[in-house]
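Chain order of the listed sequences is A and B.
When we follow our numbering, the leftmost residue of the first sequence carries the number 1330, and every step to the right adds one.
When we follow our numbering, the leftmost residue of the second sequence carries the number 3, and every step to the right adds one.
Hints were generated in silico from the structure; no laboratory data involved.
One thing to keep in mind: the hints can contain errors.
Some, not all, of what chain A presents toward chain B, calculated at C-beta under 10 Å [unchecked claim]:
id: 1; residue: Glu1364
id: 2; residue: Leu1410
id: 3; residue: Leu1436
id: 4; residue: Asp1529
id: 5; residue: Arg1544
Per the computed footprint, the stretches of chain B lying under chain A, defined by three or more beta-carbons under 8 Å from a beta-carbon of chain A, are [said to hold, decoys possible]:
id: 6; segment: 14-22
id: 7; segment: 72-79
Values in this document were obtained by computation on a predicted structure and should not be read as measured data.
The C-beta atom is built at its ideal place from N, Cα and C for all residues, glycine as well.
The residues making up each chain are set out below.
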Amino acid sequence: MSDTAPIPRPEPQYATAGQQAEAATFGMWVFLATEVLFFGGLLLAYTWLRASHPDGVAEAGRHTKVVIGSVNTMVLLTSSLTMAWSVHAAEQGRQKALTRLLAATALLGLLFLGLKGYEYHGEWTEHLVPGLNFHQDGPHARTIELFYFLYFLLTGLHGIHVTIGIVLIALLTVRARRGAFSARCYTPVEVTGLYWHFVDIVWIFLYPLIYLVGRSGP
Amino acid sequence: MTTGTTGLPRTYLFTWAALVGLLAATLALAYVPMPGPLNLVLALGISVAKALLVLALFMKLFRAPALTRAAAAAGLFWLAVLFALSATDYLTRKVEPVGDLSAPTGREYQQGGR
């Protein structure tokens, strides 16, 4: 495909380029295992809140913006498709397709953040931001406050991960445009892809816990 | 959008279609009143199915070396430890030290939160 495609040379501690690529992938999976626990602590707090105050959490859940949440889920699922597709394009050494698909993935990530920002704005105007702007009445007001406290922690932490992912993918896009990757050398694309899919999986669990709780109620 | 011209593997297209279908299913089921925790069980079950699709196919865990799969399993194992050991505390407590959230008036302190 490209004359400038680099020939992978393993770092001195690796016997082969293949071993080096495998080590990089393994390292990312170990990092993702720690990320599971990073989000796990917050999910445990959510579990406790929901188990001890089911009615309040259900009422709080009905305050969330289910349309934006669902559209954003769709956006992230689609960005996972373009990411997996770009890894496949890298495998085949299709530079142009790789550049375009990486750019599409980053743009979908930006769309997600934009919608999330719009949602945060709505929560601000509805006085649902604990600590800064929270006013709710009714018997479940304190539970709703705790729910939204966790909501902003969980989605905020997830949003930071999305932001990091967008930056990484944008950098990959620039490098791909310059022909930095080839069919034999695309480990950065693959490893960043793993990270991006993980962020998608986190959202797959946040979506029902945040947006779908209490929907079957009054 | 065929595989030939775009280079999109059919597996990925089907995976994405399945993910979108499961998203529609979980959204619709959330509005159906069900007894007990069935809504939550179904929603989480669908989330697990979606996560498995992403893990196995997009993240290629299905064909990954054993070491990689062990690393992925380790994350879930420690998550299970976190939830299980915490449950031995929270599920067996008789008194919540934070008091009753539905009555945040300070009364719960006088009623003896010990």
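Quick rundown of the hints versus the structure:
no., hint, result
1, Glu1364, "holds, 8 Å"
2, Leu1410, "holds, 4 Å"
3, Leu1436, "violated, 17 Å"
4, Asp1529, "holds, 6 Å"
5, Arg1544, "holds, 4 Å"
6, 14-22, "holds (count 6)"
7, 72-79, "holds (count 5)"
When held up to the earlier numbered hints, the structure conflicts with hint 3 and nothing else.
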